[in-house]
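Participant: The residues making up each chain are set out below.
Number of protein chains: 2
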Amino acid sequence: MRYELYYWPTIQGRGEFVRLALAEAGADYVDVARSRKDGGVTAMMRLMESDAVKTPSFAPPFLKAGKLIIGQTANILLYLGGCHKLAPANEAGRLWTHQLQLTLADLVAEAHDVHHPLGANFYYEDQKKESRHRAGDFIESRIPKFLRFFERVLEQNKSKEHLVGRSVSYADLSMFQVVAGLNYAFPRAMLRLKDRYPRVFALHAAVASRPRIAAYLASDRRIPFNEEGIFRHYRELDD
Amino acid sequence: MRYELYYWPTIQGRGEFVRLALAEAGADYVDVARSRKDGGVTAMMRLMESDAVKTPSFAPPFLKAGKLIIGQTANILLYLGGCHKLAPANEAGRLWTHQLQLTLADLVAEAHDVHHPLGANFYYEDQKKESRHRAGDFIESRIPKFLRFFERVLEQNKSKEHLVGRSVSYADLSMFQVVAGLNYAFPRAMLRLKDRYPRVFALHAAVASRPRIAAYLASDRRIPFNEEGIFRHYRELDD
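These protein sequence lines are chains C and X, in that order.
Everything in the first sequence is counted per our numbering, starting at 1 for the first residue and increasing by one.
Everything in the second sequence is counted per our numbering, starting at 1001 for the first residue and increasing by one.
Careful: at least some of the hints might be erroneous.
Derived DMTMM-like pairs: lysine to aspartate or glutamate, alpha-carbon spacing no greater than 20 Å straight-line [said to hold, decoys possible]:
1) C/Lys145 to X/Asp1051
2) X/Lys1054 to C/Glu155
3) C/Lys64 to X/Glu1091
4) X/Lys1129 to C/Asp126
5) C/Lys85 to X/Glu1091
In silico contact screen, one side only, chain C against chain X (beta carbon under 10 Å); selected entries [to be verified]:
6) Ser35
7) Arg36
8) Gly39
9) Gly40
10) Thr73
11) Ala109
12) Ser141
Keep in mind the hints are simulated off the structure, nothing from the lab.
Everything numeric in this text was worked out from a predicted model, so none of it was measured.
A virtual CB, placed ideally from N, CA and C, is assigned to each residue, including glycine.
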């Protein structure tokens, strides 16, 4: 089966968590909105609005898997985790992996709010002052709180470089992506935190060097970070 | 088995989505932090920090179910949905219900951000101006966008009063809670929207009149909405 991923073609965004899972799984998929010279986004929007779709999505990403159309990033990963052994097969492990994913999703939402505290419908340029305010709290308080939590999970799990059990899970891939995103957006702040959360940064490095992930990251399937996505680098927010 | 729910004792918050599912299921549970005259929150924090817990939570709520300790609201509901027939048993239905729940969770997070656009670590009183800005967008753009989506889901499903299939799911209970919260926080805005999303409001009424939910809502287990929770009524934001 060839999966169809529907997501914005010019950003990593939330779709990137799915792309990484598909890459690690070695799955056959087409990134629909990127695969067509034009019309890809139109096709995506059509599928979002179509009454023929019984399980419409509020927003991208969504994944077509045979007859299923699955929306919400964490939900797509829950599904892929089961299909491609990117999560334990037993219920306890499956729930724990999903819990970690949802916690990462909370951090991702906060990372987005940093540059859009007044709402996603307004330009960053019109909320720079408020963004600075929020960024200060995010860097001083929120990033450390989240990374401390994941550092503890890694410490408890004993297995280096894995959040869950002894093999790679989609939560590991997502943790990699979050650290990569934070490194991009807040390089100075993250440099200061590196020594405090060594396991988190080691996991990031370990995932990056997995053969399929490394190949993916080196390919043009990996869209560079940019200031349209979730993790944005604005020099003035990284203080 | 008696469940143990761990959540803040004085607010509905995210714990309320779990409380409603437990009420509808007729499950035996203790609301730990509320059940003790004092020490309940201490017990909750201890379980969050304990190294003996292999699946620690970043934040409440979390649910103890036998040997499992499950965190993240949507994840708890995924589990309870399977145990208490509050979601379809087949994979497609289970994923769809979860997708809807995660979409509701996004709306809940935005409802919280309305009164804390600069960050949860600062007092509302110190971000009133920014809150007004964000509230305007939330009322004008975001609430309608979300309610329009759920209205469409209800319309497509044919079965009145259910988001998924022909029986109640945890997504229905959560939709009820979101509408109840928005009604509390933004009564004037919601009054204006009532005619535009009749199915959403009908679902809210239908859930409220389910025998177990009605009994729960009338009991002192239902904590009144207040200005410490997620849905807060500040007159100045409801314009």
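Participant: Confirm or reject each hint.
Facilitator: We went through each hint and held it up to the structure:
1. C/Lys145 to X/Asp1051: holds (17 Å)
2. X/Lys1054 to C/Glu155: holds (11 Å)
3. C/Lys64 to X/Glu1091: Holds. C/Lys64 to X/Glu1091 sits at ~14 Å (cutoff 20 Å).
4. X/Lys1129 to C/Asp126: This hinted pair holds, its Cα atoms lying about 14 Å apart.
5. C/Lys85 to X/Glu1091: holds (17 Å)
6. Ser35: violated (24 Å)
7. Arg36: Not OK, violated: C/Arg36 not within 10 Å of chain X, min 26 Å.
8. Gly39: The hint is violated - C/Gly39 has no Cβ within 10 Å of chain X, the shortest such distance being about 24 Å.
9. Gly40: violated (22 Å)
10. Thr73: Given a least distance of 8 Å, the restraint on C/Thr73 holds.
11. Ala109: holds (6 Å)
12. Ser141: holds (6 Å)
Comparing the model with each numbered hint stated earlier shows that hints 6, 7, 8 and 9 do not hold.
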